[in-house]
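So the protein lines, in turn, are chains A and B. Using my numbering, you'd call the opening residue of the first sequence number 1 and step up by one each time. Using my numbering, you'd call the opening residue of the second sequence number 1001 and step up by one each time.
Derived by calculation from the structure, the hints in this document are not laboratory data. Please note that a few of the clues may not be correct.
Unchecked claim - Selected chain A positions facing chain B (Cβ under 8 Å, derived; list incomplete):
1) A6
2) R92
3) T100
4) T108
5) S193
6) R196
7) R215
8) F217
9) P218
10) F269
Said to hold, decoys possible - Just so you have them, the derived chain A footprint on chain B, three or more residues with Cβ under 8 Å:
11) 1036-1047
12) 1249-1262
Quick reminder that beta carbons are idealized off the backbone N, C-alpha and C, glycines included.
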Amino acid sequence: MLSRIAQSLFWIGRYLERADDTARILDVQMQVLIEDPGMDERTSCEQLLSVMGVEEYVGNPNRWMILDLLAHNADSPVSIAAAIGAARESARRARETLSTDIWAAINTTWRGLPTARAMRSPDMFAWVRNRTAMISGIADSTMTRDEGWQFYMLGRSIERVDMTARLLSTAALASGPQVAWPTTLRACGAYESFIRAYRGIEADRQAAEFLLLDRWFPRSIVSSLAQAEKALTKLERSGQRTGFSDEAQRLLGRARTELEYRPLTEIVFDLPVEMERLQRSCAAASDAVTARYFAEYEEHTWRGGVVL
Amino acid sequence: MMGPDLDGLGSSTVRENYGTIHASFEKMGAEEIRLRADSLASSYLEQGVTFGVAGEERPFPLDIVPRLIEAADWEHVERGVRQRVLALEAFLADAYGPGELFADGIVPRATVMTSPHFHRVVAGLEPANGVRVHVAGVDLIRDGNGDFRVLEDNVRVPSGVSYVMTNRRALSAALPEVFADHRIRPVSQYSQQLLAALRKAAPAGVSDPTVVVLTPGVYNSAYFEHTLLARTMGVELVEGRDLVCRSGRVMMRTTNGLEPVDVIYRRIDDDFLDPVQFRADSALGVPGIVNAARAGHVTIANAVGNGVADDKLLYTYVPDLIRYYLSEEPILRNVDTWRMGEPEQREEVLDRLDELVLKPVDGSGGKGIVIGPAASREELDELRAKILLDPRAWIAQPVISLSTVPTLVEDGVRPRHVDLRPFAVHDGDDVFVLPGGLTRVALPEGELIVNSSRGGGSKDTWVLASPTDPEDEGEGAPAASRVAGTPQSAGPAIDGDPTDLQVQVQEQQQQQSGSEAPLRSAPQPPGVTSC
């Protein structure tokens, strides 16, 4: 498969997941701001911007600024609007390899953006989640499981790890965890599963554990890491390279085992720092994939990534 | 008036072959037709069936009323197009080879050598299976007598065939019942025909060639078409940066390293194809690709240097080329044309500048065209000076009636001007002509330019399946050509309403890179002829 096309598919996966997860993160943040009267809006918004890698902005952070920078403003590289635009642009570049259905779904989503941006925030977030879920569904049922699919899944999984790490940081930083954790679980569509898994016991620690380590829940960090490793293994096999030397695989495998084989207390002790480390591994893995498979095509840069 | 009326298809003016469509539309009612037309438009937006204008993607308007072409008419067009393609193939092989036509005085050597599209670098290069024109698009109009005439040939990178395919799918979904009432020849086989022709053009000894489509990229106006062709042929769509030449071979960069490429269906103009040979600043091409072709390691389709056949001055010689190479009379006539390089013809034209259309010979997309009846005194004086300064650079043609077909517009179904671009694929053994081709229609009233960047649209073009006995074929041999010599007969009368002429200046639809034969038609005044 052409390197350029592989790269486009990888980024379609990343951008769509990014749009989805940004909507989830904002949903949590807005809920917390509304439901927790003790919340300091400014501090909380500053923390969110920092978690999302936004270093420069003008004025005092408040919820409207957050919505503009992270959702509506297409000129802001970390916004949902920008992510959907970039996904559509990548899809256009890989147009001939995508099924007509998946292209039409991405294109229609992009075309629906102006309408979505005029909606009330929770409605817009729901719309983004629904549209991205629909695209994933169509991809799942119409894309051949060839290299292209593996690159798409790889991009999506790496992005999901990165964004879930940000989501967990947001929750950990919120002043009122009794609001933050259930909301975070809900944002991931994980609340009911969590309650069932832990038989109704609700505690911050368990919620973090569930989103970090649960092997059965598809949005957990460990599941997503395993998914990314699986895609890399398949690519490795079809790539006919010798030995086991894939840098991305090594990075992701190490990140996963560090979560799985360490005591939970150690991880949740300083969750934001742990999560930043995880994001760094994702960035390094993404670079390794680029260097190995996309060679010479580096016009895409992860502008919204955590600044190291 | 309530809703759109259907006058254009009304009983007083309805053409015989549109009777079934007319009846179906009447049964459906105006409101229903509007609804279907709207859903047709939105389906194109969702699928991203677009063309690019100045870097912006626009949906390509598709009219809901199909255009019908009778089997016998089509058979005539098909034979004419095939004949023309074969003559142009022979011409290109000769011009880049032995040059017998120059020795025999058919075309002056200088006419070919001075063309900016003549590329000495490919002289003597023998294509693998002898084919240079793998794909051709021949622009046709119908004149006042209803005869098809050739407006120009496009044997470099003709575009538009993707809309032929997407229009058919969209219209069959929008008007299933009308569709079912006709026996329409299919167009879906185009991609397979093209792929087969490209595979047959592979370098000798390659049994399972790797074919790719080479695009300038997403900002090219025909990008949609490039993706559709690659997708329907099941081959890679590459950009210049995906390819690299290594020891005389063209390779593409894949996730498994470099892999060889055997046949390149390029949609990049010659000038941008190879920075080593042509424009050194081209960021779209592949350095060394022409040498790889010369070495016989890769086939470039269409061949480099075909542009000499698209030169409008050469166009005036095509009827002679047909007689010379094929010993046949031209089946499709040219539009009568005067060459400004020839003194008597120039004299005549300079006397009648205000009645004629003047075209620069190497302009594409209507660039620089002057419509005499629409031009001011100053413009004509300026034109006169330009012609006298460089006569070889100009040809003149009479203003010709352009046929109309019923089209759905704001106030109902009305006659609108159309042209037709059939597409031909030459595989070395046969020339396949896709039944129908792209009908472009000028949507604004009185507008004669069918250019998509001027609000032009397209129509699904239905070639009806042949009845048991084909029509008489006697019309295939027109009277002795007037084209090569002085056109004594100016063809159909100049019967247009002069007020329409002011809108005729063609808009250049230059591509961002290369000059893909643009989707355009010549400026012609209205004349209502049956189609």
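Worksheet entry | Hints not upheld, ascending by number | 5, 6, 7, 8, 9, 10
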